[in-house]
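If you want the building blocks of each chain, they are given just below.
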Amino acid sequence: AQSVTQLGSHVSVSEGALVLLRCNYSSSVPPYLFWYVQYPNQGLQLLLKYTSAATLVKGINGFEAEFKKSETSFHLTKPSAHMSDAAEYFCAVSDRETSGSRLTFGEGTQLTVNP
Amino acid sequence: DTAVSQTPKYLVTQMGNDKSIKCEQNLGHDTMYWYKQDSKKFLKIMFSYNNKELIINETVPNRFSPKSPDKAHLNLHINSLELGDSAVYFCASSQGYNSPLHFGNGTRLTVT
Numbered sequence: 004a005q006s007v008t009q010l011g012s013h014v015s016v017s018e019g020a021l022v023l024l025r026c027n028y029s030s031s032v033p034p035y036l037f038w039y040v041q042y043p044n045q046g047l048q049l050l051l052k053y054t055s056a057a058t059l060v061k062g063i064n065g066f067e068a069e070f071k072k073s074e075t076s077f078h079l080t081k082p083s084a085h086m087s088d089a090a091e092y093f094c095a096v097s098d099r100e101t102s103g104s105r106l107t108f109g110e111g112t113q114l115t116v117n118p
Numbered sequence: 021d022t023a024v025s026q027t028p029k030y031l032v033t034q035m036g037n038d039k040s041i042k043c044e045q046n047l048g049h050d051t052m053y054w055y056k057q058d059s060k061k062f063l064k065i066m067f068s069y070n071n072k073e074l075i076i077n078e079t080v081p082n083r084f085s086p087k088s089p090d091k092a093h094l095n096l097h098i099n100s101l102e103l104g105d106s107a108v109y110f111c112a113s114s115q116g117y118n119s120p121l122h123f124g125n126g127t128r129l130t131v132t
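Just so you know, the sequences run in chain order A and B. Mind the numbering: the first sequence is residues 4 to 118 in my numbering, read in order. Mind the numbering: the second sequence is residues 21 to 132 in my numbering, read in order.
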């Protein structure tokens with residue numbers, strides 16, 4: 004069974020600072036990995052996904068994530084935080100061999116951006 | 021032109037009542053889902069339908085019954101509501117397996 008651990012339920016950065024949100028996964032087969040963002044009172048939006056092509060994945064809004072098999076990690080980064088990046092971020096893993104997109108989500112990281 | 025829409029957005033009801041949440045997607049996707057987000061924002065899949073066929077049925081009480089009249093709709097009916105059912109319920113859709121999910125904006129259910 005696959006699982007996801009997001010280190011840090013709350014991350015606070017200053018506007019313009021580097022954003023680093025950590026995600027480690029566990030999967031018995033090569034995984035698909037996703038990052039989603041949730042703004043208040045909204046559903047989740049896909050930021051980026053890893054599906055075994057390039058290990059460095061670029062997403063929307065300037066975010067990117069690097070798949071590191073040796074570390075079983077898929078950390079999300081952004082060079083310079085904007086106030087509008089304040090939201091809840093979820094890492095998710097999908098087992099390629101199960102039928103249906105059975106996404107297993109991490110517990111989420113609340114990102115706060117300080118002026 | 022909302023991609024995945026669910027109604028109602030808010031639902032407040034008393035214990036023991038029966039309620040339904042409706043979901044529609046206009047993306048032409050084959051697969052639809054119901055996810056539950058609890059008060060700690062933890063998301064867990066409840067059901068998944070592919071072309072109106074149930075393919076994922078997680079361990080949820082049988083008071084929860086999904087219904088898919090066609091591949092663009094997936095409704096969730098809940099019988100005998102309990103306090104613990106209070107949560108945000110998200111509908112989602114995807115095109116095929118292991119494709120990114122497109123989420124609705126959620127239905128916040130409060131059981132009093």
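Just so you know, the hints here were simulated from the structure itself, not pulled from any lab data. Heads up, some of the hints might be wrong.
If the Cβ cut is set under 7 Å, some of the chain B residues that face chain A in the computed set are [to be verified]: (1) Pro120; (2) Phe123; (3) Asn125.
Computed list of lysine-lysine pairs in BS3-like fashion (alpha-carbon distance at most 25 Å, straight line) [claimed, not checked]: (4) A:Lys52 x B:Lys64; (5) B:Lys61 x A:Lys52; (6) B:Lys56 x A:Lys52; (7) B:Lys60 x B:Lys91; (8) B:Lys91 x B:Lys42; (9) B:Lys72 x B:Lys91.
The beta carbon of each residue, even a glycine, is placed where N, CA and C say it ideally should be.
Comparing the hints with the structure gives:
1. Pro120: OK, holds: B:Pro120 within 7 Å of chain A, min 5 Å.
2. Phe123: holds, 3 Å
3. Asn125: holds, 5 Å
4. A:Lys52 x B:Lys64: Holds: A:Lys52 and B:Lys64 sit about 19 Å apart, inside 25 Å.
5. B:Lys61 x A:Lys52: holds, 21 Å
6. B:Lys56 x A:Lys52: Satisfied, since the Cα-Cα distance of roughly 22 Å is no more than 25 Å.
7. B:Lys60 x B:Lys91: Violated, at about 31 Å.
8. B:Lys91 x B:Lys42: With Cα atoms ~13 Å apart, B:Lys91 and B:Lys42 stay inside 25 Å; holds.
9. B:Lys72 x B:Lys91: Roughly 5 Å separates the two Cα atoms, so the pair holds.
In terms of the numbered hints stated before, the structure departs from hint 7 and from no other.
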